[in-house]
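Residue numbers (this note's numbering), protein chains in the order written: chain A, 271 to 380; chain B, 166 to 280.
Hints listed in this document are in silico derivations from the structure and should not be mistaken for laboratory results. Since the model is a prediction, treat every value here as computed from it, not as a measurement. Incorrect hints may appear among the rest.
Stated by the list, open to error - Distance windows between CB atoms, simulated: (1) Y339(A) / E250(B): 27 to 37 Å; (2) E233(B) / E285(A): 43 to 53 Å; (3) Y339(A) / Q248(B): 34 to 44 Å; (4) G193(B) / E337(A): 34 to 44 Å.
Ideal Cβ placement from N, Cα and C applies to all residues, glycine included.
One-letter residues, chain by chain:
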Amino acid sequence: GIQVEQSPPDLILQEGANSTLRCNFSDSVNNLQWFHQNPWGQLINLFYIPSGTKQNGRLSATTVATERYSLLYISSSQTTDSGVYFCAVSPSGSARQLTFGSGTQLTVLP
Amino acid sequence: GAGVSQSPSNKVTEKGKDVELRCDPISGHTALYWYRQSLGQGLEFLIYFQGNSAPDKSGLPSDRFSAERTGGSVSTLTIQRTQQEDSAVYLCASSSVAGGAYEQYFGPGTRLTVT
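Taking the hints into account, I'd like the entire structure generated from these sequences.
Next comes the structure, spelled out in structure tokens:
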């Protein structure tokens, strides 16, 4: 099956810093989503981005489908950004079930 | 509108008992998915329903796991003869298929503990 690798596995930042999270995948995809899992376990949708670039406030994401990677940018980080960030993909031609990466644990210090 | 809801939020059961977990998808979403999140295995797909088509059961870990979806809406995941390794958070997601976009939205999960 498709492989999804996220890096870095852990990231510690001071409030106000910027960061880039990476997601590499091993095959062509028809769905790519970024999620933030908050401390209560809820998966919050950040971006649906199988290709291209999107921005939402301090967050933006870029997927280069031909090179099989996606980047999530967090600018001016806040303590509320802490949590685990997951990338999830479904391979082209599949029934759209998501395969998740192992996540990036982000800690933003005040 | 309302998001995906799941019940119960927590379930503690004894090894060998059967459990039922419920998912109410977002109104109008025709696709429904079950996943589970455990410490050792991360987030993994279990089963997928799309409209009236036969479900994709390729992620179910054993024949003790089954799921149904009634009337194209509410779904129930049943685990028979629970084992300790079934302890996990069970997550339900739904998506619309309109316009070819399948963005999935997740419920809050059911935390299952098998003692």
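Now for the hints, and whether the structure bears them out:
Checked against the hint of 27 to 37 Å, the pair Y339(A) and E250(B) passes, with Cβ atoms roughly 34 Å apart. At roughly 47 Å, the beta-carbon separation of E233(B) and E285(A) lies within the given 43 to 53 Å, and the hint holds. Range check, Y339(A) to Q248(B): about 38 Å between beta-carbon atoms, so the 34 to 44 Å window is met. A hinted range of 34 to 44 Å for the beta carbons of G193(B) and E337(A) is consistent with their spacing of about 35 Å.
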